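Student: Here the protein sequences line up with chains Y and F, keeping their order.
Here the first sequence stands for residues 693 to 1239, where the numbers follow this note's numbering.
Here the second sequence stands for residues 693 to 1239, where the numbers follow this note's numbering.
A hint or two may mislead.
Each pair may be met inside one copy or between any two copies, as identical chains are not told apart.
To be verified - In silico SDA-like links for lysine to any residue, alpha-carbon gap of 20 Å or less:
id, residue 1, residue 2
1, Lys903, Gln965
2, Lys824, Asp924
3, Lys887, Arg904
4, Lys733, Glu1164
5, Lys1180, Val1190
6, Lys887, Phe988
7, Lys993, Arg852
Worth flagging that the hints you see were computed from the coordinates, not collected in a lab.
Being a predicted model, the structure only gives us computed values, none of them experimental.
2 protein chains.
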Amino acid sequence: MGKISSLISSTVGKYLLDRLQQHGVQHIFGLPGDYVLRLDKMIEEEPSFQFINATRENTAGYMADAYARIRGLGAVCITYGVGINITNAISQAYVESSPVVLISGAPATGESRNSPYLHHLIPDTTQLEIFKHITVDQAILSDPETAQQEIDRVLESCLRYKKPVYLELPRNIIAAEISPTPSKLLTESSCDPKKLARALQRVRTLLQHSKRPILWIGHEVQRFGLASRLIDFAEQHRIPIATTLLGKTIVNEHHPLFIGVYQGKISRPEVSQFVENSDCFLVIGAILSDMDTGMFTAQIKDDKSVLANADRLIIAGEEYSEIPLTSFLEALSELSMQKFEEPKFPKKRSESFSANRKPITVGRMFECLQTYLKPEHMVVADIGDALFGSVDLMLSQNSFLACSYFGSLGFAVPGAIGAQIASPKRRIIAIVGDGAFQMTGTELSTAVRYHLDPVIILLNNRGYGTERPLLEGHYNDIVNWNYTELPKLLGGGNSIRVSTEEEFAKVIKPTLEKRGSFTLIEVEIGKQDFSPTMQRFIKVATKKIRD
Amino acid sequence: MGKISSLISSTVGKYLLDRLQQHGVQHIFGLPGDYVLRLDKMIEEEPSFQFINATRENTAGYMADAYARIRGLGAVCITYGVGINITNAISQAYVESSPVVLISGAPATGESRNSPYLHHLIPDTTQLEIFKHITVDQAILSDPETAQQEIDRVLESCLRYKKPVYLELPRNIIAAEISPTPSKLLTESSCDPKKLARALQRVRTLLQHSKRPILWIGHEVQRFGLASRLIDFAEQHRIPIATTLLGKTIVNEHHPLFIGVYQGKISRPEVSQFVENSDCFLVIGAILSDMDTGMFTAQIKDDKSVLANADRLIIAGEEYSEIPLTSFLEALSELSMQKFEEPKFPKKRSESFSANRKPITVGRMFECLQTYLKPEHMVVADIGDALFGSVDLMLSQNSFLACSYFGSLGFAVPGAIGAQIASPKRRIIAIVGDGAFQMTGTELSTAVRYHLDPVIILLNNRGYGTERPLLEGHYNDIVNWNYTELPKLLGGGNSIRVSTEEEFAKVIKPTLEKRGSFTLIEVEIGKQDFSPTMQRFIKVATKKIRD
Chain Y
693 MGKISSLISS TVGKYLLDRL QQHGVQHIFG LPGDYVLRLD KMIEEEPSFQ
743 FINATRENTA GYMADAYARI RGLGAVCITY GVGINITNAI SQAYVESSPV
793 VLISGAPATG ESRNSPYLHH LIPDTTQLEI FKHITVDQAI LSDPETAQQE
843 IDRVLESCLR YKKPVYLELP RNIIAAEISP TPSKLLTESS CDPKKLARAL
893 QRVRTLLQHS KRPILWIGHE VQRFGLASRL IDFAEQHRIP IATTLLGKTI
943 VNEHHPLFIG VYQGKISRPE VSQFVENSDC FLVIGAILSD MDTGMFTAQI
993 KDDKSVLANA DRLIIAGEEY SEIPLTSFLE ALSELSMQKF EEPKFPKKRS
1043 ESFSANRKPI TVGRMFECLQ TYLKPEHMVV ADIGDALFGS VDLMLSQNSF
1093 LACSYFGSLG FAVPGAIGAQ IASPKRRIIA IVGDGAFQMT GTELSTAVRY
1143 HLDPVIILLN NRGYGTERPL LEGHYNDIVN WNYTELPKLL GGGNSIRVST
1193 EEEFAKVIKP TLEKRGSFTL IEVEIGKQDF SPTMQRFIKV ATKKIRD
Chain F
693 MGKISSLISS TVGKYLLDRL QQHGVQHIFG LPGDYVLRLD KMIEEEPSFQ
743 FINATRENTA GYMADAYARI RGLGAVCITY GVGINITNAI SQAYVESSPV
793 VLISGAPATG ESRNSPYLHH LIPDTTQLEI FKHITVDQAI LSDPETAQQE
843 IDRVLESCLR YKKPVYLELP RNIIAAEISP TPSKLLTESS CDPKKLARAL
893 QRVRTLLQHS KRPILWIGHE VQRFGLASRL IDFAEQHRIP IATTLLGKTI
943 VNEHHPLFIG VYQGKISRPE VSQFVENSDC FLVIGAILSD MDTGMFTAQI
993 KDDKSVLANA DRLIIAGEEY SEIPLTSFLE ALSELSMQKF EEPKFPKKRS
1043 ESFSANRKPI TVGRMFECLQ TYLKPEHMVV ADIGDALFGS VDLMLSQNSF
1093 LACSYFGSLG FAVPGAIGAQ IASPKRRIIA IVGDGAFQMT GTELSTAVRY
1143 HLDPVIILLN NRGYGTERPL LEGHYNDIVN WNYTELPKLL GGGNSIRVST
1193 EEEFAKVIKP TLEKRGSFTL IEVEIGKQDF SPTMQRFIKV ATKKIRD
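Just chain Y, same shape as in the assembly (with noise of 0.2 Å):
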């Protein structure tokens, strides 16, 4: 932070590939097209990075994405135009903020001029008016004089405000020779201290007051890099821990303070019990999306509360503004109290299994699942009963990946080759409803091609199995795809089909040891079975959705 950092640049492609490996960016998913062939064939060239390519745009956008959540910083570079292919997965980023950059090549500046006909190109609107909706900054590096600065902003932003940013380049300007002057890296926004120390005081009181006070943590907490500091916090304090479930795994699921995922109604009764239960509530980081809420029925009592997150403070119900995020964690963490008496924590569930020979559930599947996990596994769940079966796996610290709040279907397939080309030594497994498979499925050829092995475990329930419930008709079925010939088709990979708890638990152990291609498990499951997490769900949404 505030490093001055010498550069050796001489392009405005050249120095962008730099910023963005100052920041830990090694690879960029993407896709070639002509307007932007240039800056592909530099990143080829460039030995410390490596072009990622995806069958399509929006696939390459949820690979950056993941990637960004693990590494802090994810790049996708895309032609003009038919690039907007993208647009859901970046909408998923930045509502989930996920820090990526958007690269996108551009018709040569002044190359419209005479006919604004370009193949690609959308008559009177351009791609930034589609992107700048769902991006926190722009900048079209039309001109090389001041692409540095351009960039130097963008990424600032990205990095400030961990969301997607757009970077345009036109392809006349990819090349253009530029001579940078050394650029500071990005500095921490100010605080007053009067205003934090008037906001800690408040917070101290609070405390002071309280018996039973409780951390519910939210994924900012993972984006800003807080969650050490705020661990520590709650061990010094003796302050149990729920995430929600954005938030999943911001702290190790084994932690002796940790009470679980948070979610209202539809959270584990003796969670929402042990949650709704204390007399202080720090929600930090948290949204407070209706996912993340359990459909709103989270129960946080407003004058009890301190709700921090990037855009806002409010505690006891009063706001207190120009404190960001971080400088409040960090005098948080330095607030010197007493130490809370030991809570009674709910019982752990058993983690033990025992297979037998009737059809699997899904219930069952993670039971099985969680006997075999080990820290070095991270879990990236689909939406649907993928996600909702997983909340209760206990994992280790930083093992989750979903979009759980976005909630777009097909992120777990390429979400998994993102995470562990961004993770090469942690062991993905994505889990996966057959709804959202079909959608992104086959994006296991980047698999193949980057000989990477995640274990993808398919729930197969024959269709949107979430909405069944919801309102049934036959648009909630879908084909029945025989799966396991998806290897054959892609050249690569491994597959089998189960549908008892036997044969599953047969299969999982040895696929998690094998290494080397993906595995695809295809889990046989009933129309109508549903976790229990789902089962809550379902009850809280029907109405909901009915009404």
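Mind docking chain F on chain Y? Use the hints.
Tutor: Chain F alone, transformed into the frame defined by chain Y:
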């Protein structure tokens, strides 16, 4: 037109369906989702409609686009937020003038009043904000009182401009009761007869000074239903006809007046020579994009041209405002004038083909295919040599679909599905490269589901072939799938791989004759094998890309 229709409707959703049905829509493509389930159910229960499930939103969009190009109106129905996966398909429909009604569910009115943090929502923006850039009219039907007039207005815009529109139905409004009043169908826009007469006089003068006029007609002529009128006019006055690439098959290509597809230096030399030797250019319903003008190499003399399309009318360099294309063409077709002299047409290409045992080339594949084509065949071409190779196929009227101007990869397979649903008596042949096929080829799942039987000719040149000569790199390579395994994955369809002329010739005839399920013919071609049209394209484009 102008007819009063009586409607028996009772809810907002049903009124919308009734209006769509009046305009020939019988199928609605889409995916279900919690914000739109009620409408999905309504469609399912309406006997005159079929809901066609796609595997994901953008392919549903391509299907609706193909359907709209054939039937004059199409509709696609998505859920909120994650439905923006369809952005690219709608952009393509917008750019290429395809009248698609994009229907989206949405949170209930007031649902986000307490908290904007609902799943699938993007804070600080709306779907409307994104879709307004790529649709000509929009409405959020948040008030049942005004829903009828909003629906009427938006549908009228769709039909008037032949461009996509956006209708958003909050989930609590879908079944809201309304008492619709009898509603006027679309009325024509008016035109000042004096302005029109002045324009026509100018055209007459141009034609009177011409010996070799030519009609160069574009896609808008098809979209606005003006083809027969224009062809009659050509026949009356013996004016030869060329089309743009996007306008291909507006006229039966076996018509004695048809010259070919004209694209400047990219056309066959005899076509460009013929067109460029003309002394009067009637350019009707064309956009003159880079793709339609051979990267702006078309040589149309401004002072001898009539440029008439939906947006403007320019005669010999002078703009005539407020004259709708339809009014202009109606008046033009009534011009009484001399018949021009019989032009010396370029020699038609031979349609005979004798297969040998050599590896098949793209050019020879198209020559062979030509010999088996019948009037009921319709070709849907993807981007790349699937498109360029198709240019010189001689096809019957309205027998070709390709998104040759916006040019996103992956239209052909879902487009073929939409085309067969729109036009069940036609035999659909999709031609697609391997890069495009990896994007959307598994949408053949939908062909299996609805018992459709397109023939898919997959040109496998192991990568993004069009880009190799522009700037080669590993990013142009893709994984070489075992494409013929796809029917096993999907549980339907047939497949075969061919690599010689003889093999292709032996397979194509019985494949075109056999009905019942899709057939995928994988044609192995060389990485550096390009059709004659592609070779000319490369020559023109390479310089541009590297500039």
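Student: Find the hints from earlier in the document that the structure breaks and name them by number, from lowest to highest.
Tutor: 2, 3, 6, 7
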